Amino acid sequence: MLELRHDNDQSTLRMNGRKLLELRDIKCQLDVMKNTSGSALFEIGNTKVVAFLQAQTLGVNQLNRGILNVNFFVTNFSAIEHRADIKKDIKMKEFTRMIKSVFEQVILLDLYPRSQLDLQVFVLEADGGYRSAAFNAVSLALMDGGIAMKDFVVATTAGLLGNVGVIDLIYQEEKKQNCEFVLVHLQKAQKIAYVNLNCNKIRLSDFEKLMSISVDSCDKIANEMKTAIRAKLVKNINSFYFK
Numbered sequence: 001m002l003e004l005r006h007d008n009d010q011s012t013l014r015m016n017g018r019k020l021l022e023l024r025d026i027k028c029q030l031d032v033m034k035n036t037s038g039s040a041l042f043e044i045g046n047t048k049v050v051a052f053l054q055a056q057t058l059g060v061n062q063l064n065r066g067i068l069n070v071n072f073f074v075t076n077f078s079a080i081e082h083r084a085d086i087k088k089d090i091k092m093k094e095f096t097r098m099i100k101s102v103f104e105q106v107i108l109l110d111l112y113p114r115s116q117l118d119l120q121v122f123v124l125e126a127d128g129g130y131r132s133a134a135f136n137a138v139s140l141a142l143m144d145g146g147i148a149m150k151d152f153v154v155a156t157t158a159g160l161l162g163n164v165g166v167i168d169l170i171y172q173e174e175k176k177q178n179c180e181f182v183l184v185h186l187q188k189a190q191k192i193a194y195v196n197l198n199c200n201k202i203r204l205s206d207f208e209k210l211m212s213i214s215v216d217s218c219d220k221i222a223n224e225m226k227t228a229i230r231a232k233l234v235k236n237i238n239s240f241y242f243k
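Be aware that the sequence shown starts at 1, since it is given in full-length UniProt numbering, and climbs by one per residue.
No lab work stands behind these hints: they were computed from the structure. Computed from a prediction, not measured in an experiment: that's the story for all the values here. Misleading hints may appear alongside valid ones.
Said to hold, decoys possible - Using C-beta positions, here's what the derived DEER-type ranges look like:
(1) 238 - 111: 22 to 30 Å
(2) 176 - 91: 39 to 47 Å
(3) 223 - 172: 46 to 54 Å
(4) 219 - 75: 26 to 34 Å
(5) 175 - 17: 15 to 23 Å
(6) 216 - 57: 40 to 48 Å
(7) 16 - 163: 30 to 38 Å
(8) 59 - 226: 15 to 23 Å
Built from N, CA and C at the ideal position, the CB exists for glycine as well.
Using the sequences provided together with the hints, build the complete structure.
Pasting the structure below:
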C-alpha cells in the first residue's frame, strides 16, 4: 500500500506532496497545430496529450449523417521507462472504440452530412491519468474546431490508496494503489458517459466514494477547460475587430 504522510497541519499528503483531493497543475492550449480543423493540448502534471481534428467532405450523396473516426497513439518518447506497461495496461483498440462511442453520442453528426471527422490522439508524456487526459484533449480539439456538440465531455481518474479515496493519480500511485477508476462525465446533463473500474473487487461504499470525488474532480477540470475556451474566443474576437 502506498504510504501517506502528514504535514504540520495534520492534513494527509501523498507521495508528491498533494492533498488527497488535489489536482495537479492543468494547462489547456487550443489551436496548437496548423493545417488542422481543430487541435488542442491537455496537460495535467507531467502527463501531456495532444488531439487534432481533420474534417473532410465525402462524395457520398446518400450519407445523411457525419462519420467519426478515432486513432489513438502512445508516442515512442512518452515516458519510455513505462511505455510497455501502458501498452499492457490498455487495450488500444478497445480504448479507441470507447473514445469514439462517447463522442458519437455527443457530437451532432446529423449537422454534418457527407462529412468525415478524423480525430488523431497522441500521448506525448504519460505520468498517470493519460486515458482521462485523452478524453479532455479530444473535447478541447472539437471545440477548437467549432464542432457542434450537445454536451461538454470531461474526464478524470481516481483510486483507493488503502481505503482512502484520491483523485488524479500519478504513475507511481497507479502502480501501488488498490483500485483505479476512470470516469467520463457529461457536464451539462450531469450524467456519466463512461466508467472504467480496474480492481478485483470493491465495496459499494468505496465505489460510491470514487463516483462522488470523480464528479467533483470533473467540475474542477471543466473550469480550467472553460477558461482556455473563453481565452480563445476573446483572442478570435480581438483579431477580427482589431487587426
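Hints, one by one, checked against the model:
no.	hint	verdict
1	238 - 111: 22 to 30 Å	holds (28 Å)
2	176 - 91: 39 to 47 Å	violated (22 Å)
3	223 - 172: 46 to 54 Å	violated (27 Å)
4	219 - 75: 26 to 34 Å	holds (30 Å)
5	175 - 17: 15 to 23 Å	holds (18 Å)
6	216 - 57: 40 to 48 Å	holds (41 Å)
7	16 - 163: 30 to 38 Å	violated (20 Å)
8	59 - 226: 15 to 23 Å	violated (38 Å)
Going through the hint list in order, the structure does not satisfy hints 2, 3, 7, 8.
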